[in-house]
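Q: From first to last, the protein sequence lines stand for chains W and U.
If you're matching positions, the first sequence starts at 22 in my numbering and goes up one per residue.
If you're matching positions, the second sequence starts at 22 in my numbering and goes up one per residue.
Derived by calculation from the structure, the hints in this document are not laboratory data.
EDC-like mimics (lysine to aspartate or glutamate), calculated; alpha carbons at most 16 Å apart, straight line:
no., chain 1, residue 1, chain 2, residue 2
1, W, Lys-24, U, Glu-281
2, U, Lys-24, W, Asp-365
3, W, Lys-385, U, Glu-398
4, W, Lys-386, U, Glu-398
5, U, Lys-382, W, Glu-403
6, W, Lys-382, U, Glu-403
7, W, Lys-25, U, Asp-365
8, W, Lys-24, U, Asp-365
9, U, Lys-385, U, Asp-328
10, W, Lys-60, W, Glu-253
11, W, Lys-142, W, Glu-128
12, U, Lys-386, W, Glu-398
Which chain U residues face chain W? A few, computed with CB under 7 Å, are given here:
no., residue
13, Met-22
14, Lys-24
15, Ser-44
16, Glu-281
17, Asp-365
18, Ile-370
19, Leu-371
20, Ala-374
21, His-381
22, Leu-389
23, Gly-390
24, Val-393
25, Lys-394
26, Glu-397
27, Leu-401
In this text, a Cβ means the ideal position worked out from N, Cα and C, and glycines have one as well.
2 protein chains.
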Amino acid sequence: MLKKYVMAPGPTPIPAEVLAEASFPIIHHRTPQFQAIFKAANEGLQLFFRTKNQVMTFASVGTGAMESAISNLTSPGEKILVASSGHFGNRWAEIAKAYSVQAELYESEWGHAIDVEEVRKRLKASPDVKIVFTTLNETSTGVLNDIQALTKIVHEAGAIIVVDAISGLGAAPFETDDWAVDVVLSGSQKGFMIPPGLAFVAINQAGVEKNKAAKNPRFYFSYEKALKKLTEEKMPDTPWTPAISLVIQLKKALELIHQEGMEAVWKRHAALAKATRAGVEALGLKLFAPTAPSPALTSVITVDGVDSGLINKTFRDTYGISIAGGQGKQKGKIFRLGHLGYADGSDIILEIARLEMVLHKVGKKVALGSGVKAVEEILLAENL
Amino acid sequence: MLKKYVMAPGPTPIPAEVLAEASFPIIHHRTPQFQAIFKAANEGLQLFFRTKNQVMTFASVGTGAMESAISNLTSPGEKILVASSGHFGNRWAEIAKAYSVQAELYESEWGHAIDVEEVRKRLKASPDVKIVFTTLNETSTGVLNDIQALTKIVHEAGAIIVVDAISGLGAAPFETDDWAVDVVLSGSQKGFMIPPGLAFVAINQAGVEKNKAAKNPRFYFSYEKALKKLTEEKMPDTPWTPAISLVIQLKKALELIHQEGMEAVWKRHAALAKATRAGVEALGLKLFAPTAPSPALTSVITVDGVDSGLINKTFRDTYGISIAGGQGKQKGKIFRLGHLGYADGSDIILEIARLEMVLHKVGKKVALGSGVKAVEEILLAENL
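This is chain W alone, in the form it adopts within the complex (with noise of 0.2 Å):
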């Protein structure tokens, strides 16, 4: 008999009260019953994006809002800047290169924050560059990227910004009015405390009109379509068939968000990503993005002649707890402890003291209690 736990960078843990949202009988979408729903998803949405513009919401997990943003927003030849951290940061070139679009990868060293100033000097070095897609929080590598300064200097340079906001957002403190960023997107089995099915886009007025000029196919994922069908009518509404189960756990989720009110969300993950880091810390264990780690999940270096992939699996198979291993190039050499979503003190007590026993199964002896002792600080110090 073991309990299971999800305390990976997504799927997140899921609330009772969301669960339960799903066992009612599925209801229409073309009904006035089903319009309110969404209208106050829609309205949530905006709080939870701190935007008063639209914020369109697709059937699709995250990749595919990545690639609406390329296919919407870029024509066939267009040069864009492709500034990444990692893993899901590559994969806007990845796109881009399906979609014809020449896209300038510059990858910071991976563990590291995306350094404003090369993206300033590679702007400057193409001016024809009028676009540029970033990632607010790299979940391959734990980083967390400062958006409010990227967008800055992009818009300095005369382009837009896109950020690819899945796993940070809800995690990390993030304005998107107030900062002026131009197209953000996330996805629901983050942050949002959801299944996975849905994903969202936020567009300001610059980003409808590059939309405008992009010339790359798209229809199921048209910003026009879904942009038109969001304001035409009294309620907002959608182009194809919406995700209904899906849509009325995420109005239950962003209640519960909304509640505890953002400030507190962003609070609460800074507390239980330092509470993290002090536990990890404290067993002897190094940090693998100290420099500028994530609210959302700690990246932690693998303890010598250990596969990182054993400490995921003893994680898993011996106490029930998913967490998540490296990804790409850091397959093997680290492993990375979630605390996003609907995490509380509690999640992180268990994940460390299990961190201990694992860390005990796989030949290495770390004090035991000793990385809880660290948590327990800081939970008191931050009263969680």
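Position chain U relative to chain W; hints supplied.
A: Coordinates of chain U only, in the frame set by chain W:
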């Protein structure tokens, strides 16, 4: 935002698979569908009670099953012996009084098990006592009584034994048939891992004979009626409407339990109790029942000058964890940590880590992590 945990000696946590059963539409009970479920549940109950005799299921909680044993097995004016070790043991005498039964109450010192020799002496001094009522696990003090030894002594005196095994069954090894225990009762919100609302009574031939002779009034809880319905047709039935959805959940929970195996379930409870005691003692706290500790819960003497209710309240209000306080004359003096039913090593880690933090909150500065260290050592040794 605070996740909620139940870590009390009932109600206990409910597995997701069991919760899901309650989300299906209700079915009618006078159908082959429900009869098949009830039959499977009854077979699971027999394996759980370790008996080939009938196990009756009532729509009731445990106190109803206790009352049923008095009303079905005694006559007005009859003398009985109540062998009690605390608050719930004493309830036998209260119910007996309501039915004009003369209960001789032997109460062990709270925190200690029933003295088997004292029971022998009392039965010798009162040869007219033909029935003894006692408790397997005294939830109010966290004491486990030796039912095998008590049964032997009661039988030697020519009497039968009735055991309140409400909170103990499923946690402690218990062999209804091998020990020849006459009547055993339990309740659903304990080791059965389902919500409150079902009570169970297993009865052997000696119990049935006593039932036939007993003249106290009964109707709803009539063993004659319940046994007749269980055995008279090809498929077992109930005299009144069964608590349909709880029976369906019971069937599923018993499937999970028997997949694990009763011996494995008992071993898990013993190991979790051991880990809890180690954690508590490592923090310098004293066990309330060190001589006969329960595998279902651990009772702990509060720290000097702190009402145990405050510890209880801090667990609940600050950390979302429901433990239990003291009852009866131990109110304010002890608190009780549950590890009953759907509990695993992760629960004990969390319970002891949060205890460390609760103690800090109430002004007792224990060494953070030291309790968890002791827990982890036991869990590693026990593979939990």
